[in-house]
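Asker: Put together the whole structure using the sequences plus the hints.
Just so you know, the protein sequences line up as chains P and D, in that order. Okay, so the first sequence: first residue is 4 according to the working numbering, each after it adds one. Okay, so the second sequence: first residue is 234 according to the working numbering, each after it adds one.
Hints are not guaranteed to be accurate.
[Claimed, not checked] Computed cross-link-like contacts, DSBU-like style, restricted to lysine-lysine with a CA-CA straight-line distance of at most 30 Å:
1. P:239 - P:97
2. D:350 - P:239
3. D:377 - P:50
4. D:377 - P:239
5. D:282 - D:377
Hints listed in this document are in silico derivations from the structure and should not be mistaken for laboratory results. This one's a predicted model, so the numbers in the text were calculated from it and none came from an experiment.
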Amino acid sequence: MVRTHRWFTPWIMVLPALVILCVFALWPAVNTFFLSFTDVRTLSGGKIVGLANYRQLLDDPQLRSALLNTVVYVVVCVPLLTFLPLLIAILAEKPLRGLAIFRTIFYFPVIASAVAVAVIWKFLLDDRGLINGWAQHAGIIQDAVPFLSGRWLLLFSAISLTVWKGLGYYMVLYLSALGNVDPQLHEAAAVDGAGPIRRFWSVTVPGVRRTMVLVAILVMVSAMRIFTELYILGGKTGGVGGQDVSVVFLIQSSAAGADGRLGYASALSVLLFLITLPPMALLARFNRKVDE
Amino acid sequence: MSAEHRIATSSVRRSRRWSTAGRYLLLLLVAAISVGPILWELSTSLKSKAEDVYSQTPSLLPQHPTFDNFSEVARAVPIYHFAGNSVTVAAMQIVGNLLGATAAGYALAKLKFRGRKLIFGLFLSTLVLPAEATIISQFQTIVKLGLGDSLVGVALPGLIGAINVLLLRNAFMAIPEELDQAAIVDGANVWQRFRYIALPNVVGTLAIITILTFIGAWDDFLWPLLVLQSPDKLTLTVGLAYLQGTFVNDPRLVAAGAMIALIPILVIFAVLQRYFFRGVGEGAIKG
Numbered sequence: 004m005v006r007t008h009r010w011f012t013p014w015i016m017v018l019p020a021l022v023i024l025c026v027f028a029l030w031p032a033v034n035t036f037f038l039s040f041t042d043v044r045t046l047s048g049g050k051i052v053g054l055a056n057y058r059q060l061l062d063d064p065q066l067r068s069a070l071l072n073t074v075v076y077v078v079v080c081v082p083l084l085t086f087l088p089l090l091i092a093i094l095a096e097k098p099l100r101g102l103a104i105f106r107t108i109f110y111f112p113v114i115a116s117a118v119a120v121a122v123i124w125k126f127l128l129d130d131r132g133l134i135n136g137w138a139q140h141a142g143i144i145q146d147a148v149p150f151l152s153g154r155w156l157l158l159f160s161a162i163s164l165t166v167w168k169g170l171g172y173y174m175v176l177y178l179s180a181l182g183n184v185d186p187q188l189h190e191a192a193a194v195d196g197a198g199p200i201r202r203f204w205s206v207t208v209p210g211v212r213r214t215m216v217l218v219a220i221l222v223m224v225s226a227m228r229i230f231t232e233l234y235i236l237g238g239k240t241g242g243v244g245g246q247d248v249s250v251v252f253l254i255q256s257s258a259a260g261a262d263g264r265l266g267y268a269s270a271l272s273v274l275l276f277l278i279t280l281p282p283m284a285l286l287a288r289f290n291r292k293v294d295e
Numbered sequence: 234m235s236a237e238h239r240i241a242t243s244s245v246r247r248s249r250r251w252s253t254a255g256r257y258l259l260l261l262l263v264a265a266i267s268v269g270p271i272l273w274e275l276s277t278s279l280k281s282k283a284e285d286v287y288s289q290t291p292s293l294l295p296q297h298p299t300f301d302n303f304s305e306v307a308r309a310v311p312i313y314h315f316a317g318n319s320v321t322v323a324a325m326q327i328v329g330n331l332l333g334a335t336a337a338g339y340a341l342a343k344l345k346f347r348g349r350k351l352i353f354g355l356f357l358s359t360l361v362l363p364a365e366a367t368i369i370s371q372f373q374t375i376v377k378l379g380l381g382d383s384l385v386g387v388a389l390p391g392l393i394g395a396i397n398v399l400l401l402r403n404a405f406m407a408i409p410e411e412l413d414q415a416a417i418v419d420g421a422n423v424w425q426r427f428r429y430i431a432l433p434n435v436v437g438t439l440a441i442i443t444i445l446t447f448i449g450a451w452d453d454f455l456w457p458l459l460v461l462q463s464p465d466k467l468t469l470t471v472g473l474a475y476l477q478g479t480f481v482n483d484p485r486l487v488a489a490g491a492m493i494a495l496i497p498i499l500v501i502f503a504v505l506q507r508y509f510f511r512g513v514g515e516g517a518i519k520g
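Answerer: In structure tokens form, the structure reads like this:
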């Protein structure tokens with residue numbers, strides 16, 4: 004191909020994006036690692052302290068809770084958000100009058116601000132909120148269930164919000180995958196007398212297996228990065244006993260304030276990176292295969 | 234046609250009709266789960282002081298609907314000012330992405346130059362980093378630049394998103410090479426080819442990026458929470474967290490605040506959803 008532009012033209016076009024990339028993505032990736040070995044604060048410090056931040060990580064009881072919560076979050080969210088959106092996508096796949104409206108409505112929770120819907124959840128799950136009020140009125144429970152103050156109940160309240168908010172997003176991923184499943188396979192299975200449940204397991208699931216793996220990885224990574232749900236439902240303290248926290252929650256709480264401990268928050272950031280690295284690497288490999 | 238066959242066909246048809254009805258029922262159920270909580274909050278935001286929002290037999294429809302809560306919440310915190318701040322951040326990021334990501338995406342897709350592969354690899358590599366893992370260093374940089382506690386500081390790291398550069402690169406790559414060649418023969422220079430051949434072919438992608446950027450800026454929470462302190466500079470999500478966390482005990486006012494954060498974005502989405510679903514499908518798999 005004949006070169007039809009001056010040598011610097013592409014660089015002019017790339018430069019603004021490249022500057023932002025270097026200053027706000029590449030440099031922070033390296034710098035976070037450096038900062039984790041220092042006692043730097045928002046407005047002061049910067050002395051190298053070796054592994055002191057990492058030693059402190061090991062003794063941080065809140066971090067232990069955060070890691071346990073992350074495991075629970077992943078274990079509960081991955082199966083729920085891998086299968087429920089698939090079932091909804093099956094409902095919303097075949098043509099039907101008004102389907103576009105349903106799809107749009109199913110996507111509302113995804114678009115909605117996490118803070119705003121967490122505020123709604125808080126109102127619904129309050130000791131005097133809709134759910135407790137209704138259950139007490141119906142005589143199912145005597146005293147209010149402490150959805151927002153129980154150590155595990157608060158975590159599961161947050162999980163319920165994450166699942167509710169994620170259904171529509173993963174449904175869309177499944178919709179395009181379902182479109183690629185050969186409808187003749189379903190017909191053949193139906194002729195052979197396979198019922199809907201049988202066909203789900205032996206036709207649909209194998210047909211969208213790759214997307215299921217993709218969704219499971221995406222859910223896993225986002226469960227590891229949870230923040231807003233816990234911050235709004237449990238407040239700045241991380242629930243009554245400070246145990247309803249996540250790794251990102253602790254990054255935020257140690258860096259916040261007039262003179263935040265950025266060094267310690269950086270060590271937590273490195274930890275977050277290491278936790279998410281295996282699923283992220285899987286995802287990258289997965290995308291490369293899709294591209295090929 | 235045998236009688237047996239006829240019975241079989243009609244039973245298939247009947248079961249098909251039933252399954253359509255069943256599908257509608259299930260779709261309605263999922264729809265109720267999806268918007269139920271939002272509708273309940275909307276109803277609460279419209280309820281007057283006289284109505285008990287905690288009653289054990291609550292009604293979804295407000296008895297005496299009123300917009301008072303939407304003006305009263307603005308007396309507690311400057312919520313409409315917060316919304317304006319969110320729009321400001323979104324506007325900066327939309328302009329930044331439309332200019333910067335488009336130019337970079339075009340150069341990476343259509344222009345040959347030394348280092349192109351390397352630069353493409355750099356953009357790609359940042360996708361494996363969870364955003365939350367680098368915010369501390371980003372925050373330090375913003376403070377050092379003197380942009381702490383400012384809307385520019387909130388907008389700057391997202392001014393040109395790597396994912397948008399990659400999406401646009403893909404969109405430009407999809408334009409047939411012959412179009413460019415023909416334009417070169419006609420004597421068009423690179424800027425003319427960019428403006429008159431490439432851009433009109435990626436309008437769909439630009440629309441998607443605009444919508445996604447707006448939603449991202451409007452809903453973002455952790456980053457503005459870290460950067461902003463002054464009560465007059467908060468974005469809407471941070472202001473809403475502040476409203477419900479501190480001193481306002483009236484759920485009607487908090488509900489009004491939540492609706493101010495929800496209604497604009499849901500309306501925008503409902504209007505533009507056609508472009509949107511295409512974009513999300515592409516973007517999520519690639520990103």
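Asker: Each of the hints needs a verdict: does it hold here or not?
Answerer: Now for the hints, and whether the structure bears them out:
Proximity of residue 239 of chain P to residue 97 of chain P is assessed by CA-CA distance (about 45 Å); at most 30 Å being required, the pair is judged violated. For a cut-off of 30 Å, the pair hint linking residue 350 of chain D to residue 239 of chain P is broken: about 45 Å separates their Cα positions. Only pairs whose Cα atoms come within 30 Å are accepted, and residue 377 of chain D paired with residue 50 of chain P is accepted, the gap being roughly 17 Å. With a C-alpha separation of about 26 Å, the suggested pair residue 377 of chain D and residue 239 of chain P falls inside the 30 Å cut-off, and the hint holds.
Taking the CA atoms of residue 282 of chain D and residue 377 of chain D, the gap is about 48 Å. The hint is violated against a cut of 30 Å.
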